[in-house]
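Model the placement of chain B on the given structure of chain A, informed by the hints.
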Amino acid sequence: MSTQLVSERTAVRRRSARARAVSALGPATMLAGVAWAFLQPYRLTLLHPHGQGFWWLAIEPPLLVILAGVVFALLVAPGVIEDLEDQEDRP
Amino acid sequence: MQPPAEFVHWMFATGLVLVGLCLLAQAVVGDEVWRRRPWRAYLWPSLAFTMGVLMWPVMVFFTNSTIHMLAHGSWAQVMMFSGAAELGLVRGKLHSRYWRLAMPFAFLVSGAAFLIHEQNSWFFARAAFLHHLIGWTLIIGAIFPLLAVFRPRSEAVRAGFALTFVVLGVMLYCDRDTAPVFGHLSPLAGAQHR
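These protein sequence lines map, in sequence, to chains A and B. Add 773 to the 1-based position in the first sequence for my numbering, that's all there is to it. Add 198 to the 1-based position in the second sequence for my numbering, that's all there is to it.
Calculated directly from the structure, the hints in this document are not laboratory data. Ideal Cβ placement from N, Cα and C applies to all residues, glycine included. Be aware that a few hints might be false.
To be verified - The following residues of chain B were derived to be distant from chain A, with all beta-carbon distances above 10 Å:
no., residue
1, T212
2, R235
3, F247
4, T248
5, M257
6, T261
7, N262
8, T264
9, F279
10, H293
11, L306
12, H315
13, L344
14, V355
15, L386
16, G388
As the list claims (entries may be wrong) - Chain A stretches covered by chain B per the calculated footprint, using a threshold of three residues with CB under 8 Å from any CB of chain B:
no., segment
17, 792-804
18, 817-825
19, 844-858
Said to hold, decoys possible - Some chain A residues close to chain B (C-beta under 10 Å, calculated; not the full set):
no., residue
20, W809
21, F811
22, W828
23, L840
24, A841
For reference, chain A alone in the conformation it holds in the complex (with noise of 0.2 Å):
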């Protein structure tokens, strides 16, 4: 098989349904703690800091599930989608 029929298969290849599931785990947390940032915009203090202590600054829970969305996407889902497709793609 030449290389260019490999580079093109591999262009069309599409990711499997648990690959998919694997890398929206990730952004759905994400976009879980946006949407909690606008429906409760008063428990991000970030909004209005004046007068805030280091607690209320530094914990803000919509913040802290976006951040273990993107702890989990950066560093977890990549590895693991990577080797669920080659576990795919041996015969």
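Just chain B now, kept in the frame of chain A:
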């Protein structure tokens, strides 16, 4: 510099959500793929164990009654125990599948501790409501890790186990120090916080 209790609940909620996300991913891809990278196999059991360790300072610094101290202490112990059991199984130091019973045991002990140490009724304040809700969620949710001992490959059981952590995280995020729940706040609970 000590944070109010609600901040501690929100930090633990973040840990629970992370554990839930890892378990969900593991349920989706299966153990073989999940454990292909060794660090990933240790990830959620380590998180559970670490949260158990961090529960000790919570017990020390947020003790406003003996029953609170006992509850926080029991959570610290069972979280460390269940995390350590999972770590031992992943590492291969423990072989019997019955070590997985540590997790439903932790759920049951934690749930009982929530229910026993909450002395007020459901609608006394939001914290009381959440204590009852989290307690019963843990006790009912213990069915998932219990079933996982006997049906470890069931995707429904594994997803249920993972979602239990996510739901518990959401409940902890809802916690506020002295706040109403569905419009109810007992005058005995004190002045509502912001």
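Tested hints:
1. With a least beta-carbon separation of about 5 Å from chain A, B/T212 fails to lie farther than 10 Å from that chain, contradicting its non-interface assignment.
2. The Cβ of B/R235 does not lie farther than 10 Å from every Cβ of chain A; its closest approach is about 6 Å, which violates its non-interface assignment.
3. For B/F247, the requirement that its beta carbon stay farther than 10 Å from each beta carbon of chain A is met, with the minimum near 18 Å.
4. Distance check for B/T248 against chain A: the nearest CB is about 14 Å away, which clears 10 Å, and the non-interface claim stands.
5. For B/M257, the condition that its CB be more than 10 Å from all CB atoms of chain A holds, with the nearest at approximately 19 Å.
6. With a least beta-carbon separation of about 19 Å from chain A, B/T261 lies farther than 10 Å from that chain, consistent with its non-interface assignment.
7. Residue placement check: B/N262 keeps its beta carbon more than 10 Å from all beta carbons of chain A (closest about 18 Å).
8. For B/T264, the requirement that its beta carbon stay farther than 10 Å from each beta carbon of chain A is met, with the minimum near 26 Å.
9. Look at B/F279: its CB is around 25 Å from the nearest CB on chain A, clear of 10 Å, so calling it non-interface holds up.
10. Distance check for B/H293 against chain A: the nearest CB is about 25 Å away, which clears 10 Å, and the non-interface claim stands.
11. Once the 10 Å rule is applied to beta carbons, B/L306 is consistent with being away from chain A; the minimum gap is 26 Å.
12. Every C-beta of chain A lies more than 10 Å from that of B/H315, the closest at about 24 Å, which supports listing it as non-interface.
13. Remark: the non-interface label on B/L344 is consistent with the geometry, its nearest Cβ contact in chain A lying 25 Å away (cut-off 10 Å).
14. Interface exclusion of B/V355 from chain A stands, the closest Cβ pair being 17 Å apart, more than 10 Å.
15. The Cβ of B/L386 sits about 26 Å from the closest Cβ of chain A, beyond the 10 Å cut-off, so the non-interface label holds.
16. For B/G388, the requirement that its beta carbon stay farther than 10 Å from each beta carbon of chain A is met, with the minimum near 19 Å.
17. Note: the segment 792-804 of chain A has 5 residues with beta-carbon separation from chain B under 8 Å; the three-residue rule is met and the coverage holds.
18. Counting residues of the segment 817-825 of chain A whose CB falls under 8 Å from any CB of chain B gives 0; the rule of at least 3 is not met.
19. Counting residues of the segment 844-858 of chain A whose CB lies closer than 8 Å to any CB of chain B gives 8, which reaches the minimum of 3, so the coverage claim holds.
20. The restraint placing A/W809 at the interface with chain B holds, with a minimum CB-CB distance near 8 Å, inside the 10 Å limit.
21. This hint is violated: A/F811 has a C-beta 15 Å from the nearest C-beta of chain B, more than the 10 Å allowed.
22. The interface hint given for A/W828 is met, as the beta carbon of that residue sits about 4 Å from the closest beta carbon of chain B, less than 10 Å.
23. A least Cβ separation of about 7 Å between A/L840 and chain B falls short of the 10 Å threshold, and the interface hint therefore holds.
24. The beta carbon of A/A841 comes within 5 Å of a beta carbon in chain B, closer than 10 Å, and the hint placing it at the interface holds.
The earlier numbered hints that this structure contradicts are 1, 2, 18, 21.
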